[in-house]
Amino acid sequence: MSAETTKFPSRWTSLDSDQLFVVVSRLIALVLLVGALSFLSPYFLTWPNLINVLRQASLQFMMSAGLTLVILTAGIDLSVGAILGLSACISASLISSGYVVLGIGSALLAGTICGVVNGVMVTISRIPPFIATYGMLWIAFGLGYVFMKGEVIYGLPDSFRFIGAGFVGFLPVPVIVAVLLLLVLHFMLHRTVLGRSIYAIGGNPDAARLSGMPVTRRLITVYGLSGFLAGFAALVVIARVNAADSSLGEDLLLPAIAAVCLGGTSLFGGVGGITGTAVGSLILALIVNGMNLLGVQTFWQSGVMGAIILISVLVDQLGGTRLARQQ
Amino acid sequence: MDRRTFVKATLAAGSTAAFGAMPQLASAQGGKPATIAFFVKNVTNPFWKACRIGAEKAGKALGVTVETVAPTKPDNIEEQTRLVEDWIVKKPDAFVFVPVDYKALVPSIQKANTAGIPIVNYNNKMTDVNIVTYVGSDDEVMEYEICKDLFKSMGGKGKIVHIDGVPAAITAQARKKGFERAVKETPGIEVLASQPGNYRRLPAVQVFENLMQRFPVIDAVVSANDDMAVGIAEALAAAGRGGKTKVIGIDGIPDATAAIAAGKMFATADFSGHDQAYLAVTAAVRHLRGQPVPKEIMLPVVIVNKDNVTKFMKTPEERDPPDWNTYASGKA
Amino acid sequence: MTDAAHPQLVSRSPVVDAVVNAPGAFYLLAILSVVLAIWTPNFFSTANLANVALQVAVLTIVALGMTLVILTEGIDLSLGPLLGLCGVAAALLVTAGYPLPVAVGSALVVGMIFGAVNGTLVAVVGMPPFVVTLGTFGIAQSVATVLTKGDSVTSLPPYYRWFNDGAFAGIPVPIWATITVFALTWFLLYRTKFGRYVFAIGGNRRALILSGTRVNAYHIAVYVYAGLLAGIASFIMTARMNAAHPTIGVGIEFDAIAAVILGGTSFEKGRGGIVGTVIGALAVGVLRNGLNLLGVGTEWQVAIVGIVIIFAVGLDSLRKLNA
Numbered sequence: 001m002s003a004e005t006t007k008f009p010s011r012w013t014s015l016d017s018d019q020l021f022v023v024v025s026r027l028i029a030l031v032l033l034v035g036a037l038s039f040l041s042p043y044f045l046t047w048p049n050l051i052n053v054l055r056q057a058s059l060q061f062m063m064s065a066g067l068t069l070v071i072l073t074a075g076i077d078l079s080v081g082a083i084l085g086l087s088a089c090i091s092a093s094l095i096s097s098g099y100v101v102l103g104i105g106s107a108l109l110a111g112t113i114c115g116v117v118n119g120v121m122v123t124i125s126r127i128p129p130f131i132a133t134y135g136m137l138w139i140a141f142g143l144g145y146v147f148m149k150g151e152v153i154y155g156l157p158d159s160f161r162f163i164g165a166g167f168v169g170f171l172p173v174p175v176i177v178a179v180l181l182l183l184v185l186h187f188m189l190h191r192t193v194l195g196r197s198i199y200a201i202g203g204n205p206d207a208a209r210l211s212g213m214p215v216t217r218r219l220i221t222v223y224g225l226s227g228f229l230a231g232f233a234a235l236v237v238i239a240r241v242n243a244a245d246s247s248l249g250e251d252l253l254l255p256a257i258a259a260v261c262l263g264g265t266s267l268f269g270g271v272g273g274i275t276g277t278a279v280g281s282l283i284l285a286l287i288v289n290g291m292n293l294l295g296v297q298t299f300w301q302s303g304v305m306g307a308i309i310l311i312s313v314l315v316d317q318l319g320g321t322r323l324a325r326q327q
Numbered sequence: 001m002d003r004r005t006f007v008k009a010t011l012a013a014g015s016t017a018a019f020g021a022m023p024q025l026a027s028a029q030g031g032k033p034a035t036i037a038f039f040v041k042n043v044t045n046p047f048w049k050a051c052r053i054g055a056e057k058a059g060k061a062l063g064v065t066v067e068t069v070a071p072t073k074p075d076n077i078e079e080q081t082r083l084v085e086d087w088i089v090k091k092p093d094a095f096v097f098v099p100v101d102y103k104a105l106v107p108s109i110q111k112a113n114t115a116g117i118p119i120v121n122y123n124n125k126m127t128d129v130n131i132v133t134y135v136g137s138d139d140e141v142m143e144y145e146i147c148k149d150l151f152k153s154m155g156g157k158g159k160i161v162h163i164d165g166v167p168a169a170i171t172a173q174a175r176k177k178g179f180e181r182a183v184k185e186t187p188g189i190e191v192l193a194s195q196p197g198n199y200r201r202l203p204a205v206q207v208f209e210n211l212m213q214r215f216p217v218i219d220a221v222v223s224a225n226d227d228m229a230v231g232i233a234e235a236l237a238a239a240g241r242g243g244k245t246k247v248i249g250i251d252g253i254p255d256a257t258a259a260i261a262a263g264k265m266f267a268t269a270d271f272s273g274h275d276q277a278y279l280a281v282t283a284a285v286r287h288l289r290g291q292p293v294p295k296e297i298m299l300p301v302v303i304v305n306k307d308n309v310t311k312f313m314k315t316p317e318e319r320d321p322p323d324w325n326t327y328a329s330g331k332a
Numbered sequence: 001m002t003d004a005a006h007p008q009l010v011s012r013s014p015v016v017d018a019v020v021n022a023p024g025a026f027y028l029l030a031i032l033s034v035v036l037a038i039w040t041p042n043f044f045s046t047a048n049l050a051n052v053a054l055q056v057a058v059l060t061i062v063a064l065g066m067t068l069v070i071l072t073e074g075i076d077l078s079l080g081p082l083l084g085l086c087g088v089a090a091a092l093l094v095t096a097g098y099p100l101p102v103a104v105g106s107a108l109v110v111g112m113i114f115g116a117v118n119g120t121l122v123a124v125v126g127m128p129p130f131v132v133t134l135g136t137f138g139i140a141q142s143v144a145t146v147l148t149k150g151d152s153v154t155s156l157p158p159y160y161r162w163f164n165d166g167a168f169a170g171i172p173v174p175i176w177a178t179i180t181v182f183a184l185t186w187f188l189l190y191r192t193k194f195g196r197y198v199f200a201i202g203g204n205r206r207a208l209i210l211s212g213t214r215v216n217a218y219h220i221a222v223y224v225y226a227g228l229l230a231g232i233a234s235f236i237m238t239a240r241m242n243a244a245h246p247t248i249g250v251g252i253e254f255d256a257i258a259a260v261i262l263g264g265t266s267f268e269k270g271r272g273g274i275v276g277t278v279i280g281a282l283a284v285g286v287l288r289n290g291l292n293l294l295g296v297g298t299e300w301q302v303a304i305v306g307i308v309i310i311f312a313v314g315l316d317s318l319r320k321l322n323a
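Chains as they are written, first to last, in this note's numbering: chain A, 1 to 327; chain B, 1 to 332; chain C, 1 to 323.
Hint data in this document are derived by calculation from the structure and do not stem from the laboratory.
There's no promise every hint is true.
If we take Cβ atoms under 7 Å as the criterion, some of the chain B residues that face chain A in the derived model are [what the hints assert, rightly or not]:
| id | residue |
| --- | --- |
| 1 | Lys49 |
| 2 | Pro196 |
| 3 | Ala238 |
| 4 | Asp320 |
Glycine included, every Cβ here is placed at the ideal spot set by N, Cα and C.
With the hints as extra help, turn the sequences into a complete structure.
What follows is the structure in structure tokens.
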């Protein structure tokens, strides 16, 4: 994705006005959604259903978190789903054979390696992120197919499954994990050098480079982090589903991007944040839950998701804060 | 690096890559043993792995080479069409073929007919093409039988949810017809919802988790295949509703038989890809050798439940090859 | 052949483009041809080359539309489902008894409407093309699937097969279609004001806007054109399968983008051209055909496709750095 390299008045790049608009608009959307669904379906506002939604939103958030960071740098990572699938397969095979710690490590390592390779391709080889991560998508799926050979791995030890299927009190573990992840990443984005670099690179890559920032190193770190988080999400997914096969990563990419867009992060880069993605994941989960509760045929779901993406970005655009970016 | 060096390096790298790919080359063209191109729908679903194992066993037993052909994008129609066209050029001795879409692949198989390649069709029945024989199970009858069995165990009444496969797939369409026939004959059964899970576990689980919220009471779930059924059974168990809902699937994969043995699933049907593939390859070889082959080989419906599950717990590798004579004499 | 004051407002000669920038696809195609000529007896057979040409026709047509979009620094992810939707629309109308021109025309209109929506949201509202076309991707997908309830549309009248099986002067219709679309695109891109604006929107949009030209209309037209081409491609695809399937096109938009980039067109700065795109599409087609002929296992094919695309584009990028 090419970041617009035009210069804006500094007040537009101030995160506060952007984030305020995003927060307010998403809160309104959430309230409207919850209100509408409670009205339309008697099953919506029940505890089991809400827990369900929270859990699905948490999983979605974990899958979209790394992608958010990449998109903030005005890049894109099309391989997140494939990396997740590959990590899931490798780790599941180790964990189901009893090597739990090794398995966890392998998922994180596999994800990170793929991510770092993406980062290197984007920076040192100057391959556009779209193509680089598209190629990685094929490679990761291919390696997954080679590794699994059509096999499915079933049955993971209960001790491991806790992180996906367990509860702490009344909250599912994935929810707690997601909240922790959110806090960590939010802190990273706003209080560390890496975080500020991410926004700087996304907002104005030339200025970032001229200011002496080691852009290459930062970008490789970001892509590596995205891969790492994909591997992390893989662990929670296989713990939840108690199985892994090479098709796990399919159909994960588009909802992940949708969650990021719904959260107000712009694909032009430099605008948005991880909190937005958390909210976006929640909205997405609510919408899918609502459609299922109301008996909407699954055929409509991709269309609804597409429309929601358009509406949310349109709202952001017309909200004025993004219009300056496009000029 | 200057331009000339660059070009040389590229050529060198490219050739090395090509040489590196050599081990992957198949001994396809003009080898002494006959070559059978064995088509599957994808390399991700374990059902096709079982098919591949059955096909390779048959190949080994009969002394022919079996090459498995699958699209890189799972179940991709356009890609399978290209695969058929490319393989026609390679002129194997026969195709053992399952279409990703039983209608869309007709023109390309017709091309194979024109090229004189004998086709054995298995698993998803195609029409309007010349085939040596069709090997499969009657999906409609299979689903019908297993549903009737389920409904009987429910005393002929209850609320059920139906999770469909890939709507365009003929197996899904046939199974749905069988399901609907069984429902029509059992007036006490109420269908709460019917949604596609696309034959895959994660999508089916996500759909079902939401359906579970909508319907606090579900007496049974009819799932078009085992991969989805097992996921659904697990979701029910996780929600504490495991004992109250019966789940049935189709395929007879190891995970399902294990679930039945553990009481998490009610029943499945042994839709053995391994057997189908084995018999299909055998049929192809017999045809090439001029031996008689029936027009159709239908594997009987075998319902697997708690009573007989132990007999079906072998992996495809361990499974005994089906006996040609038992199946080839019409309906077994 | 550039104007110093407006570096991108005057397009380069396409022939010069192709030669000087011989894209990664060109080398890829060359290497593949050599390798396949050695390792397979079948690659250079008439039957196989004819196959490849036909297989690549649909991709090329879509990629040509995609080239224009990418030249404007945009992207169109909706072309795949749009292909499915147009195919389904035409097939449904034909099987419902409407005359062929009506069915075909309506399908093309559908493609162009989606294109117009894409273009308007990108040009007028200023939304990122990736997101806009991701949204219309989902919508087109849904509409196509709902129209057929997930099934395919069959029982097409035999004359529909002409789109794929027909031939003039011994050359199949899809090849003629590709040639015609190429010629039309060439004309539009290199001989009309529209074409100059396409390059300019990508290369120097601010200059255009500041100079007061009505950029938006041309910008929207680019997406409309891409939608139109997707519609044309859909008829060929439907005829090839003798059935219209709503998800038939899924994934083709990514292949088209790969073909365009391999062909030397850049995501940024409005550089590139359609000759490269054709070479890129051929390269992709030959790669897949070659992997099949070589008997490479499916699992490895998937990984190899990714490696090859990265490799070819990467070499291109490195070369541009050193040039």
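Against the structure, test the hints numbered earlier, and report the numbers of the ones violated in rising order.
Of the numbered hints, just 4 does not hold.
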